[in-house]
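Position one of the sequence shown corresponds to residue 1 (the UniProt record's numbering), numbered consecutively onward.
Please keep in mind that the hints were generated in silico from the structure rather than gathered at the bench. Hints should not be assumed to be uniformly reliable.
Calculated pairs, PhoX-like style, for lysine-lysine (alpha carbon to alpha carbon, straight line, at most 20 angstroms) [to be verified]: (1) LYS31 to LYS86; (2) LYS86 to LYS36; (3) LYS112 to LYS82.
Pair by pair, the computed Cβ-Cβ distance ranges are [said to hold, decoys possible]: (4) VAL136 to ARG12: 36 to 44 angstroms; (5) PHE19 to ARG63: 33 to 41 angstroms; (6) LEU33 to ASP59: 41 to 49 angstroms; (7) GLY106 to ASP62: 17 to 25 angstroms; (8) ARG133 to ASP16: 28 to 36 angstroms.
Glycine included, every Cβ here is placed at the ideal spot set by N, Cα and C.
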Amino acid sequence: MKAEMFLPDDYRPAEDEPFMNERQLEYFRRKLLVWKQELLDQSAETLDNLTESARNVPDLADRASEETDRALELRTRDRQRKLISKIDAALRRIENGEYGYCEMTGEPISLKRLDARPIATMTLEAQEKHERREKVHRDD
1 MKAEMFLPDD
11 YRPAEDEPFM
21 NERQLEYFRR
31 KLLVWKQELL
41 DQSAETLDNL
51 TESARNVPDL
61 ADRASEETDR
71 ALELRTRDRQ
81 RKLISKIDAA
91 LRRIENGEYG
101 YCEMTGEPIS
111 LKRLDARPIA
121 TMTLEAQEKH
131 ERREKVHRDD
């Protein structure tokens, strides 16, 4: 494992520096790790809430409401689980030197897009094209 790189707290990747240099990679790696930890913390909280709410409620309306809340919590947790796997994939791309490049075109993904959505795997244009193709096939 590499030595920890110093990165100022106020560092933001800039267009005028070499694309995906060590500082940018470290910035995105840390951003992804923090996001993953937040999701894991929320997931643990969800499990605690589900365990607490697993009591038998005699009133049918209260029970229905609690079941709806539980289903929503589980759906949210499933979405978080999928997001964590995308974060892990992004971290692997950082390690492999593939991070920040579109998987469809090989072009650099804009820093603004990566900062807003660090798990992005395509440029905005490639993503839009992909979604249009998906929509056309879905309508068939």
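Here is what the structure says about each hint:
Pair hint LYS31 plus LYS86 holds up; C-alpha atoms about 13 angstroms apart against a cutoff of 20 angstroms. For the proposed pair LYS86 and LYS36, the alpha carbon gap of about 10 angstroms is at most 20 angstroms, so the pair holds. Restraint check: the Cα-Cα separation between LYS112 and LYS82 comes to about 23 angstroms, which exceeds 20 angstroms; the hinted pair is violated. The given range of 36 to 44 angstroms is respected by VAL136 and ARG12, whose C-beta atoms sit roughly 38 angstroms from each other.
PHE19 and ARG63 have their C-beta atoms about 55 angstroms apart, which leaves the hinted 33 to 41 angstroms range violated. In this structure, LEU33 and ASP59 meet the distance hint of 41 to 49 angstroms, their C-beta atoms being roughly 44 angstroms apart. Hint check: GLY106 to ASP62, Cβ distance near 56 angstroms, so the stated range 17 to 25 angstroms is violated. Here the CB-CB span from ARG133 to ASP16 is close to 34 angstroms, well matched to the stated 28 to 36 angstroms.
Hint compliance for this structure: hints 3, 5 and 7 are not met, and every other hint is.
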